[in-house]
Amino acid sequence: MQLPLKPTEVILFTFRKHWFVLLVELVPLSLVFVLPFVFYVWIEQSEFSFNGQILALNLSPDLLLFAGSLWALFLWMKAAASVTHYYLDAWMVTSDHLIDIEQFNLFHRQTSVSRIDRIQDITIETLGFIATLLHFGDIHVQTAGTEREFVMRGIANPKYVREAILRQQDTLFHKDRPAPDQGVTGGVEA
Amino acid sequence: MKLSILPGLSVSSSTITWSVFGGALVLFGVFTLILLYHWTRYAEKKSVFIIALMVYVAISAFIISGLMIGALMLGV
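Chains as they are written, first to last, in the numbering used here: chain A, 1 to 190; chain B, 1001 to 1076.
The hints are simulated quantities; they were obtained by calculation from the structure and are not laboratory data.
Be a bit skeptical, because a hint or two may be false.
As the list claims (entries may be wrong) - PhoX-like, lysine-lysine: derived pairs with alpha carbons at most 25 Å apart:
1. K1046/B <-> K159/A
2. K6/A <-> K78/A
3. K1046/B <-> K17/A
4. K159/A <-> K17/A
5. K6/A <-> K1046/B
6. K1045/B <-> K17/A
7. K1045/B <-> K6/A
8. K78/A <-> K1046/B
Take the sequences, apply the hints, and build the full model.
Pasting the structure below:
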């Protein structure tokens, strides 16, 4: 994967959204897949009458297999797209930058880069019972750059991510400061 | 079994079945190429990409074989 890194820059951490965020997308797909079959079995076992005539739904097993496989194929493609979208959304903390990669859809990808020493504020937000239980939430990072705020939603262990960024910021900050002069004990001679 | 879609124009049910099958396969193929492009370009770990590819191929093969069997049975 090509990233806008300097030759001496290294990727320290890569963070992704919590697995529950992916599950929330996949479970409805599973239900939508099962629903037509349940509906078919229910219709087949029930008797409906219309104008005094009993209606019966009889699909051949071959047609059921063909239609069911076609339905499964389309839902499988949707599920694969959801997994790809989940995996390609990432935050990377390098030695100098914070990189926010957001895959909006298969043909829309946004990469934002911010210098870690320009980060001014990091806010984490954990909303809801499940988010609190499973330790995931949103991180808002305020920077002094053009892209003022980075937001990562549904990220796993947001406190750990915040600590990682702040730790790296401290490292950068102390690296550039001159070491204190050991001979100075305090006070200035007149 | 012949189905009349327009006056004077009838198509056999097996033609419709295989057309639908072919269309679904083409769509799936294009979609797979797009996914492969994204995974090879943006996935940073090769091991994750290989595992994901294996799972994708296995499940896709299962579904497509069901589709093919259904089409074969309907087309006969």
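Going through the hints against the structure:
At most 25 Å may separate the alpha-carbon atoms for a hinted pair to count; K1046/B and K159/A exceed this at roughly 28 Å. Distance restraint check for K6/A and K78/A: the Cα-Cα separation of roughly 37 Å exceeds the 25 Å cut-off, and the hinted pair is therefore not satisfied. A distance of roughly 20 Å separates the Cα atoms of K1046/B and K17/A; the hinted pair therefore holds under the 25 Å criterion. At roughly 13 Å between alpha-carbon atoms, K159/A and K17/A fall within 25 Å of each other, so this suggested pair holds.
Taking the CA atoms of K6/A and K1046/B, the gap is about 23 Å. The hint holds against a cut of 25 Å. At roughly 17 Å between alpha-carbon atoms, K1045/B and K17/A fall within 25 Å of each other, so this suggested pair holds. Taking the CA atoms of K1045/B and K6/A, the gap is near 20 Å; set against the 25 Å cutoff, the hint holds. The straight-line distance between the Cα atoms of K78/A and K1046/B is roughly 23 Å, inside the 25 Å bound, and the hint therefore holds.
The structure is inconsistent with the numbered hints 1 and 2, although it conforms to all the rest.
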